[in-house]
Every structure is written in structure tokens, then in C-alpha cells.
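Note that the protein sequences, when read in sequence, are chains D and F.
Quick note on numbering: the numbering used here labels position 243 of the first sequence as 243, and the sequence is numbered without any gaps.
Quick note on numbering: the numbering used here labels position 84 of the second sequence as 84, and the sequence is numbered without any gaps.
Derived by calculation from the structure, the hints in this document are not laboratory data.
Incorrect hints may appear among the rest.
[Stated by the list, open to error] Mimicking DSBU-like on lysine-lysine, the simulated pairs with C-alpha atoms at most 35 angstroms apart in a straight line are: (1) F/Lys89 <-> F/Lys219; (2) D/Lys282 <-> F/Lys269; (3) F/Lys299 <-> D/Lys240; (4) F/Lys14 <-> D/Lys105; (5) F/Lys93 <-> F/Lys134; (6) F/Lys174 <-> F/Lys219; (7) F/Lys127 <-> F/Lys35; (8) F/Lys219 <-> D/Lys252; (9) F/Lys233 <-> D/Lys253; (10) F/Lys134 <-> D/Lys282; (11) F/Lys14 <-> F/Lys219; (12) D/Lys252 <-> F/Lys127; (13) F/Lys153 <-> D/Lys105; (14) F/Lys56 <-> F/Lys67; (15) D/Lys253 <-> F/Lys345; (16) F/Lys56 <-> F/Lys269; (17) F/Lys345 <-> D/Lys282; (18) D/Lys252 <-> D/Lys240; (19) D/Lys200 <-> D/Lys282; (20) D/Lys77 <-> F/Lys67; (21) D/Lys221 <-> F/Lys134; (22) D/Lys253 <-> F/Lys343; (23) F/Lys18 <-> D/Lys275; (24) D/Lys142 <-> F/Lys343.
Note that the structure is predicted; figures quoted are calculated from it, not measured.
As a plain string of letters, each chain reads:
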Amino acid sequence: MIVDKNTRVVVQGITGYQGRFHTTRMLQYGTKIVAGVTPGKGGREINGIPVFDSVEEAVNETRANASIIFVPAPFCKSSMFEAIDMDLNPVVVITEGIPILDTMKAVAYARSKKIGIVGPNTPGIIVPGKTKIGIMPDHVFKEGNIGIVARSGTLAYEIAATLSINDFGQSSCIGKGGDPITGLNFTEILQLYENDSETKAVVMIGEIGGTEEENASDFIKQMSKSVVAYIAGRTAPPGKRMGHAGAIITGKKGTAENKIKVLTLAGVKVASSPKDIPEFLKEVI
Amino acid sequence: MRLFEYQTKNIFKKYGIKTPNGIAIDSVEEGEFDKFPVVIKSQVLVGGRGKSGGIKFADNEEELKKKVKQLFSAEIKGERVEKILIEEKINIKQELYLGITLDRENRAPLAIVSASGGIDIEEVAIKDPEMIIKRVIAPQEGFWDYEAIKMMKDIALKGKELMESARVLVTLYKIFEDYDAELVEINPFALTENGEFLALDAKLLIDDNSLYRHKEFEKQFEREYNSLELRAKKAGLTYVELDGDIGIIGNGAGLVMATLDMVQLYGGKPANFCDLGGGASRDRVIEGIDTVLSNKRVKGVLVNVLGGITRCDDVAAGLVDYRNTRDRKAPFVVRMIGTNEEKGKKICEDNGIDVIPTMDGAAKKIVECVNRQ
């Protein structure tokens, strides 16, 4: 997986409420957090973690190699570029509400340097029992060999909890992010799982808006591992944003109906209730 | 958010894109114009304005007055007309389409042009895809003159017309960037009999996330929501009204969407989407229930919470507080798991509120409960 227990994480925006709170949680989980960054607050310590004014200093002093960002949306573009400039990989962007144009430019820059941005508007990544670079409630996850990729945080937790109860532990869970434009897309994350020796099958959790689920179906056809899917938003009306900035049916594009149709044609079993997913996994493994 | 046509045209003029001579008016008295015939366009945000009677024509002053009056007292697909744009009628030689939109698939802006403008571009895309020329724009590099020229050449423009239309397309991309647009569109982009290009209609959608950079539109943005949606938004909730009778409350967009789907799967009709967001306090829960129950159609409420930062006992306490202090009564079905689950369940059960362990079970239960009434 793109992260493991040796990944050395810098927390950008560590002195804010969210940054501080989740740094504590991640440390409790065993994540190797080595530095924090908040411009103007260099020299302090949070939970024993040194705070720097810049990512450059943090990397030079602590050999951090990945980042998690909690910086407020209006300042986030600069923070993303700063992390990419220092070759941190992946860059996990928790922040919600970043202007699309800012994300688009950061994602293009990251792709030109072959760096993976996870998010924005993501719960992050968890590799159960090893590391958590994110904000998810870790007690619903369990070690195992199912990979999860999801656009929604809470729905991923719901499904992870269902899997854990049914003895399907997870190799990892990656939140793709709920924004219209995100870094790693479904296809790229499925590629990671296809190449991950810890993963036997993948649960893909999509929702209305955009066409990433449809596009991923082309790659799924070539995969050696099985994919089970759930798509949220069958009842969503066109033109209304359902909570996530990216969850909107525009014109005739982005309906749950079409995603389910295309995925089913690609041989993916699409569950109509999260509770059916363990059954589907039993069938395909 | 979507801007009105007259606002977008004002932006166009500032950037050197020509539009027909016209005036935007707020009242019948201002409805004067000296060059006839004219087009009278209601300034509304609903789609299909023309087909719904929102656009009229007049050949003289008397007719203009009459029609302006009519439009000001009309509703176009339920939207009141508060502003009207009067423009001189243009003799058109050819109608084209120019647009820059957000291409989610390529994670980049997309320029689209067509020689066949004036109609729904999505329909053209389906029926005659070869009539449309597209080009993905590299977000960091931007959009260059040569790219626009190539696109306009591909729809058979030549010489002066080629250069002028390409200039407008490049300008449109500048507006797309400057206004953080999700879509900026000229449809129709008219070539007049005098060989001039004019933006006859204008559409600009601004990315909601970027509104802090466009403060001049913040007040107007609030108009896009109905009063309940706006109230919810101010309380940190996301609320979308639907047309069923089962209220839905949960935390997290995906979980709430899935809860709606589950209710429908068991034969119920969701009345709304209501996301409490992360770490909802007791007060936010009360505000959420109050919003959902302000909709008089709601006959029962399903609360589905997955506790992470959100604590189940806070949600339960909010629920009980609401029931004990407000007059509006409706049955509740609750499903909660995660942080402080046991405490939350106990609070509910002590107060006679059903707690169902699974999402499916809870959805079934609320549907039965509402159907019995």
C-alpha cells in the first residue's frame, strides 16, 4: 500500500483544533507522526511533536515523507503546493470546501511529479493495525484482506463496520474524497489494490455525480481481483447537491442508475443495501 | 451559484465581449427603449425560460409596456420575475456555441465550441457528437490563442471571423478563471448580418466553495436556497427538501444518502436529506429535527448516526430535549452505532424512543410506522 507503519507523517495545520485533535488520535493508533507545520508557530511542540514554520524545515529536520493537511480552505492551495514541492507522497487533504480551481491546479502539479493526492474532503487512509493517516473512527476497522475505496467517510465506516462484524477484515481503506475534483481517482486506487499483495478483493463505494465509477469499470474488467460495489444516491433528485460538493446530478450525468448499470455490465456485483456486501464477498472470494 | 443573464453580460462587457444594446430594469416605469423591435427577457434562474413564456418580443413602445407589465406579474416555472432585460433584436446570420466547463473526468477545464448553437448543447452532444469540438485545458498552463484558433477553425470559421471568435473564446477562459466558474457559456453566440459577433445569452455558474473570493455575490447566493435550507445551512447542517413524508437525519453525506435509498427500497418516500455534519452538538441535533419537522408533510423521522467525532449520547440527548420541549410530535426511529453507543441507546430507551440495531431494520421500521398512520 502507499502507506505503512514506517511512513513518516507531517501534519500541516497541526496547531488548529482539528489538527491537534486528530494528531492525538493518530498517535494513539500508532501512526509515525514526526512533525507538524503551522507558519509562524515554529519552535513549539504539540503532544511532543515539533512544530515548524515550513514543510521544508520539517522534512530537513525529521525526514518526513508523507503529509496530512488540515489547513483551512482559503489557505490550502499553498499548503498543497508546499507538500508537493518537498516530494511528500502521499499528500492527504482532509480540508473541505477548497475552491475547485485550486484543487485542480494542485492535482495537476502533483500528477506531473507522480505524487498521489488523497482527497480533498477525505477521511484519509487507514491500514488497520498499522497506520492511520486520517480522521476515521478506528474501532470499526479490523485487520484483513479486503480493500475499501469510498467517496464518503461515514458510509465507508458503516460498511467497514458491517464487514468487520462478518469477519471480513480490511487490508486498507482509502477515502477518495467527496469533492468534484480529487487527486487519486477510483481507477488509480483500484490499481493500487490490484497490485497490493495484502488485498484479495475490493469494495468500491460510489455515489451520484461525475462519471468516475463508470470510467473505473473499464479497469475492473482487466482486474484479477473481484470488486463489489455500493452506489449511494438512488433517490437523489437532479440539480441538488447532496451534502458533498461532488454529489450532484448535472443534466443527465452522474445518476446512480447509470453507474449501477455500467458497473453491472462490467461484471461487478452492486449491492442495494450495505448489509448485502459480506454475502457478495463470500460469493466472489 | 448561478448568476443572472444581465449580471453575466455585465461581466462580459467588462472583458470586451460584445452583447446586444440593452437595459436591465426593476419596474414597469423603467421599461423604455428607443430602438425597435426588442427582446424582453425575464431574469430568472430556472432552465427552459423561453419555452415557459419568459421571453417576449415587441415592435413598439406600447407593446413593450404591455409585455413588461405582464412579465413582472408572471412566475416562470414558479420563480418570480424581479428584473427584466430589454435588448434590441438582432438579425442573425449564424448561431454558434462557446463554453468552458469543468471536466470532472479529466480533472481539468474543458473548452467546447459548436457551429450549431442556440439549442441545448447536451442534446447536440448526444444526437450529433461530430458537431462539437472539445479541448481539455491544462489547469496550470492555461488556454492559449493558438488552441482557440484551432478549435474555431475546426468549425469552419475563416479570416476575421476566425480571429474574433477565437479572441472571445480565450476571453471566456479568462472569465472562467477569474470568477472560479464551473461553467461559462455563450449560447447562442451570434454572428450578425453585419459580420459582428454578439453574446445573445450568457450563463455563468460560480463554484460555491470559492464564494469567499467573490463576496459581491454572497447575499444573492442565499436566494438559491428555500428558507428551510438556508436556516439549516446557517446552523451548520445540510438540508435538501424532497417530496416524500419520512424525515431523514444522519451524519455524513454518503450515510444520509444511503439511508434515503434504504427507506425507498422498503417502499417509503424520503421527505428530505439532512446531514448533521461531524461532531454535532445537542443544539445542532435539535435544530436538525426542528428543520425536518418544519416540513408539515413529515409523518415520522428516521435518525441514523454513526458515531466517530459525533457522540451517540449527544444525539440522543438532543432528540429527547426536542421531544420534551416542542409541540410538533412525530414518531422517531433511531439507529446509532459508534462512539458512546450504549449511553445513547439508554437515553433513547428510557424516553420511549425505539432504537433499532441495523440500518435496514430501522428503515423498514420507519416505513411501517408511517404507513400505519
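Do the hints match the structure? See the list:
no., hint, in the structure
1, F/Lys89 <-> F/Lys219, "holds, 32 angstroms"
2, D/Lys282 <-> F/Lys269, "holds, 32 angstroms"
3, F/Lys299 <-> D/Lys240, "holds, 23 angstroms"
4, F/Lys14 <-> D/Lys105, "holds, 26 angstroms"
5, F/Lys93 <-> F/Lys134, "holds, 23 angstroms"
6, F/Lys174 <-> F/Lys219, "holds, 24 angstroms"
7, F/Lys127 <-> F/Lys35, "violated, 38 angstroms"
8, F/Lys219 <-> D/Lys252, "holds, 30 angstroms"
9, F/Lys233 <-> D/Lys253, "holds, 26 angstroms"
10, F/Lys134 <-> D/Lys282, "violated, 44 angstroms"
11, F/Lys14 <-> F/Lys219, "holds, 22 angstroms"
12, D/Lys252 <-> F/Lys127, "holds, 14 angstroms"
13, F/Lys153 <-> D/Lys105, "holds, 28 angstroms"
14, F/Lys56 <-> F/Lys67, "holds, 7 angstroms"
15, D/Lys253 <-> F/Lys345, "violated, 41 angstroms"
16, F/Lys56 <-> F/Lys269, "violated, 39 angstroms"
17, F/Lys345 <-> D/Lys282, "holds, 32 angstroms"
18, D/Lys252 <-> D/Lys240, "holds, 13 angstroms"
19, D/Lys200 <-> D/Lys282, "holds, 12 angstroms"
20, D/Lys77 <-> F/Lys67, "violated, 49 angstroms"
21, D/Lys221 <-> F/Lys134, "holds, 28 angstroms"
22, D/Lys253 <-> F/Lys343, "violated, 43 angstroms"
23, F/Lys18 <-> D/Lys275, "violated, 58 angstroms"
24, D/Lys142 <-> F/Lys343, "holds, 24 angstroms"
Comparing the model with each earlier hint shows violations of hints 7, 10, 15, 16, 20, 22, 23; every other hint is respected.
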